[in-house]
Each structure stands twice: as structure tokens, then as C-alpha cells.
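Novice: Now for the letters of each chain:
Number of protein chains: 2
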Amino acid sequence: MQAQLIALDWGTSSLRAYKLGPAGVVLEQRSLAFGIMHLPNEPREIAGVRCSDGFELAFDAACGDWLDAQPNLPVIACGMVGSAQGWSEAAYRNTPVDVAGLGQALHRVRSLRGVDVHIVPGVIEQVGLPNVMRGEETQVLGVLQTLAMNGELLIGLPGSHSKWVEVVEGRITHFDTFMTGELFAVLSKHSILGRTQQISEQFQAEAFDRGVAVALSTDGRRGVLSTLFSARTLGLTAELTPDQQPDYLSGLLIGHELAGLPGGAKHQPIILVGAAPLCARYQRALALCGFAHVSLAQEATERGLWQLAVAAGLTQPVSEA
Amino acid sequence: MQAQLIALDWGTSSLRAYKLGPAGVVLEQRSLAFGIMHLPNEPREIAGVRCSDGFELAFDAACGDWLDAQPNLPVIACGMVGSAQGWSEAAYRNTPVDVAGLGQALHRVRSLRGVDVHIVPGVIEQVGLPNVMRGEETQVLGVLQTLAMNGELLIGLPGSHSKWVEVVEGRITHFDTFMTGELFAVLSKHSILGRTQQISEQFQAEAFDRGVAVALSTDGRRGVLSTLFSARTLGLTAELTPDQQPDYLSGLLIGHELAGLPGGAKHQPIILVGAAPLCARYQRALALCGFAHVSLAQEATERGLWQLAVAAGLTQPVSEA
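Chains as they are written, first to last, in this note's numbering: chain E, 1 to 321; chain A, 1 to 321.
Check each hint, because a few of them may be wrong.
Since the list gives no way to pick one copy over another, a pair counts as held whenever it fits inside one copy or between any two copies.
[As the list claims (entries may be wrong)] Here are the simulated SDA-like cross-link-like pairs (lysine to any residue), alpha carbons at most 25 Å apart as the crow flies: (1) LYS189 - ALA84; (2) LYS189 - GLY35; (3) LYS266 - GLY290; (4) LYS266 - THR173; (5) LYS189 - GLY274; (6) LYS266 - ARG171; (7) LYS189 - PRO130; (8) LYS266 - ARG222; (9) LYS189 - HIS38; (10) LYS266 - ALA312; (11) LYS189 - PHE203; (12) LYS189 - ALA238; (13) LYS189 - THR241; (14) LYS266 - HIS293; (15) LYS189 - SER13.
These aren't lab readings, by the way, just hints derived from the structure by calculation.
Turn these sequences into a full structure, and let the hints guide you.
Specialist: Structural data, given as C-alpha cells:
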């Protein structure tokens, strides 16, 4: 099948490239470690020019051969590549924002080989504490595209910086960011809690559930700064073995995150998008917290990028063949 | 003046030694970097024996010359030196605990030079989530000794792991631990928040106050996992300069800690013990949070150690001369 679009999901620590065919079907995909903070730096020749620019080098590594084969393939990208530290800054759009409409606001950067890369703008919320996203807006669109419904829903995107996005009739009306994943990582690597932890090969379900329960308990109301220390003291009192401590901490942090969601969300449809093992943790914790209507979405990024490229006229919604 | 007691405040990262004279007056004091996680390891001769034990070496460095001059001086120590990772484990005492009575429960370890070191036991709370302290119980006693009152009070001991101790008529009835200081350190050093921070020589009062206010706001009710990201986004929107970001984060974390204190504490006497610059931050934040009766205590550790040594009969309350 002939390719119709190159779609890049280009974040801080990784770069995923998709070659999409008619109707957005994935023909080929690659994952590279070249996030915008980890760009390659070994100069090489691109389009006849010796190049040392990290973005050009990463772009070439991700899809240079696809473009050699089909030089006119359009390219779209989302994520931190459009940030101030990215390849070229795509200004944020303010909430409330119609996600499908972001296709009208793509920002172009011309690559060395003459191909334009169309970057999806991020979204900023400036009511109350400011909040930003880059990449998640595209996933939200990808989720919406697969739904039969069109009312209010809450989309959860767990990760280093988990996002919880409130969507009303195709518009992002509000979102929050929780630094849960990054906090778990820095506490495990650099704090006293890591010293007694031992990585378990098995998921320690009981310890995870206990962490969630503590976050929801009266003790949990004092906040995570207070409950964190229990990941150590429950070890001291032999109530948690070293290999249970990481999953206890994971459950505790995710539990505190979920306790921070709006109360009304318990009866709203919730859709999770992200890496399968992490979504499984969130799904388990959501059930323990009493959230009733949780489902998972797949391939949200590629679907969202495809939709935006169609909206921008970069490609055709269905094959012309 | 003749010395009457050697008192050691021996924690994880530092070792403070006091030579105390009649009535507990401080004759001399020293601060060494030899906390139990940073012991010296260069073998040397102690009392005629070649020694490579880190605790013996640190003890000798802290007060060997004082003991050479007065070999019969009694020695008392509090802090992590009595933990499982310490010199010798002094079993925890359960809450509720009469702090003055801890003098009856000192744990002895004999040093190479034949002198006994009397270690104060830590305190454990096992109702609900377990909680532990080592060293703070001695500071609590030191605070109580200076007070004319004897009712209910709340003692705050800010630090890497802040403790908030409820005391009723000389007994520790309950306490909480907040990992505020350590979290501030690991986030500043190892998370994305540190990347845009710049250390300021001046205390950035406005940014600190703003952090406290955010913790107390409606946004703050979602918890610290959610508000943390604002230390980054307020930078992105140019509402915080890089040199304001550390104090904003400090105010935010301290504000969340104080929001976790029992509501009734607003009208209780609160006494702060700790390093002066840190206590000043807490005093400022407590005022912003509406805590009405806050005061500072000085020299709590040395006073507490003296009291415990007297209770144990290691020294006389007043000079016999």
C-alpha cells in the first residue's frame, strides 16, 4: 500500500514515527530514543549537506528513508518538538479549544531536505493556575474520533506528568497535570525511600492496593507529603517487604492523584490513554476509588495525527484509488 | 568550669557534640560531618588499639580529647545513632510516651576506650500508619523544660523529614512526619522543576507567599501532586522568574504541609524547633495560614539531653560544689 502521511510523536525522551497509509492505517512504525532532550549529535550528510543539527539528524533517522522513497509525503508532528526547547515553537492555543480545529493552526518548519514538518500546537489553560500540554491534545482528538458519544467525558493520560482532560462536545474545557510518574522516579532513585526498595519482577498487587487505600484514608487527607513516609515506616515495622515497597509507593501516589480528581468524575465516562502496564495500574486504582465507567483507548496518537492532517488538507480522509 | 556531661546529637548526616558544665551550661560545642551515613573510614589508634570502626572513629573525633582530660565524664547521645543502621540499636518506645521518663530507658554501648555511651531510645507510633522519630523526642523534652505551661501543645520540627508532635501534659500522644525538606531537595536537584530554577541570594518573599497561597487555594485541594507543576508553568507564563522559582516551590510545599495539620491547631500554642532560617520560613507560612500562637525554642537538643542524663542519674541537676 502506498503511504499517505508521516506522523511523528516527538516528546522529551522519545520519538515515535508512523508511516500511515489510506484511511490512516499504520503501515510501519519505529521508536527512537531521540526525544528533544536526547538528540543525536554526530554530524552526517543530509540532502548533500553536512549537518550537525540534532533535530535534522533525528528527523532523518526517523523517516529519511521513507522520504527518499516518497519525497512528497506530508509530515505532521506533535509533542515537545513544538516547545520553546523544540525544533520550532508552535504557540499554545487557549482553552476552551476545539481539538479538531487545531488542524487549522499547524506550525511549519522546513527541514534541510526541503520537506515541511507541520507541528501541532500545544494547549494552555490560563484560568487559575496555568497549565500546559503538548501532544496530549492530539491523543484527546484520537480518542474522540473512536467514540460514538459526544457529551462530557474525562480523559486520563497517565505518565511522568499525568494529564486529566475534561472534554465537552469535542472541546477541551479544563485540564490538570499531576507529576506522579516523575515523583515516583525521583523518590525511588534519589530519596531515602529508594534505599530500602527492591525491584520486584511480579506486580505486588496487595501492596499497590494498600497504597491506594492509604491515600483514600483519613491519614491520606493530610496529603502525600505526610503519607510518603509510610513507605519507609511500613518497612521498618515489617508490614512491607523490600520488594513490596515500590508498588506500595506507586499505589500511594496514584491514589493521591485520583483523590484530586473532581468528585463528579465518579459517575462520568473516563477513558485512559497510555502505556498498557501503566493504564492497568490506573484502571485498578480507579476501581478501588469507586470510579464506575472506565475504558481504555488504543492508538490515540496516530489516529489524532491522521485526523489533524486530514483537517489541514495534508492528506485525504479516504483513499482516492 | 569543670565539665559534667558529654552530649551527642548524632543524626544521619551530622554529629554535634556538646561539653556541658554545671546545670547543663554549654562549655564547648562542635559540629562534625560524621553522621551515621558519613562515618570516617581511615583506621587509627584509639586507646592503644588500631581501630577501623566508623562509629568509634567518629566518637573519638567528636570528644576523644574531652575524655582524655576527664576520663570519667558520662556520655549521652540521641538520634539515628540508636537506629538499626546506627552504632547500637535502642528499641523504640511506643506512644503515648512520657518524654522525661525516657531517661529510665537509655541503651548502653561500650566504646573502645571503656566509656559507656547512653543512647536515648526513639519513639514509635503504631496506631494507624506507623511513624517513627529518633532525636526529636529529646528536642521535645528540651522544649517542655523551658515552658511554664503544661497543657496541650503542638511542636513543629521542620527539616528533611518535618515532625509535628502533639504533647499533652508532658506526653507525646501523636505525631506526623512530612517529607517536605527531602522532597524539595530531590525535586530541585533531579526533576524537571530544577531545570528552570536559579538560586537566589535573596529570600524571594513574594514568590514564597504565593506558593503558600496556592497550597491553601481551591487548586491546592487537588493536592501537591497537582500544584507542583505550577512551579514550571508559572515560569513558562513569565509569572515567576527563574530566581523566584525555588522559594515558590518552598512556599508551596510548606503550605501543603501546614494544610495537613489538624484544624484545631490554629488556636493551640505552637512551638518551632530547628535551624533559624528554616524556622523563619515556617513562622511566615504559619502566619499566612492563620495559626495564631507560634513561638520559637532555642537549644532544645542540649537541654533535652541534659535533662535525660539527670533523670538517668548520670549527672547532678545542680553543681555539688
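Novice: Indicate, hint by hint, whether the structure satisfies it.
Specialist: A quick look at each hint next to the structure:
{"no.": "1", "hint": "LYS189 - ALA84", "result": "between (28 Å within a copy, 22 Å between copies)"}
{"no.": "2", "hint": "LYS189 - GLY35", "result": "both (21 Å within a copy, 21 Å between copies)"}
{"no.": "3", "hint": "LYS266 - GLY290", "result": "within (6 Å within a copy, 33 Å between copies)"}
{"no.": "4", "hint": "LYS266 - THR173", "result": "within (18 Å within a copy, 37 Å between copies)"}
{"no.": "5", "hint": "LYS189 - GLY274", "result": "within (23 Å within a copy, 27 Å between copies)"}
{"no.": "6", "hint": "LYS266 - ARG171", "result": "within (20 Å within a copy, 43 Å between copies)"}
{"no.": "7", "hint": "LYS189 - PRO130", "result": "between (29 Å within a copy, 23 Å between copies)"}
{"no.": "8", "hint": "LYS266 - ARG222", "result": "both (22 Å within a copy, 15 Å between copies)"}
{"no.": "9", "hint": "LYS189 - HIS38", "result": "both (20 Å within a copy, 19 Å between copies)"}
{"no.": "10", "hint": "LYS266 - ALA312", "result": "neither (36 Å within a copy, 58 Å between copies)"}
{"no.": "11", "hint": "LYS189 - PHE203", "result": "within (19 Å within a copy, 29 Å between copies)"}
{"no.": "12", "hint": "LYS189 - ALA238", "result": "within (22 Å within a copy, 31 Å between copies)"}
{"no.": "13", "hint": "LYS189 - THR241", "result": "within (18 Å within a copy, 29 Å between copies)"}
{"no.": "14", "hint": "LYS266 - HIS293", "result": "within (8 Å within a copy, 40 Å between copies)"}
{"no.": "15", "hint": "LYS189 - SER13", "result": "both (18 Å within a copy, 19 Å between copies)"}
The structure shown violates just one earlier hint, number 10.
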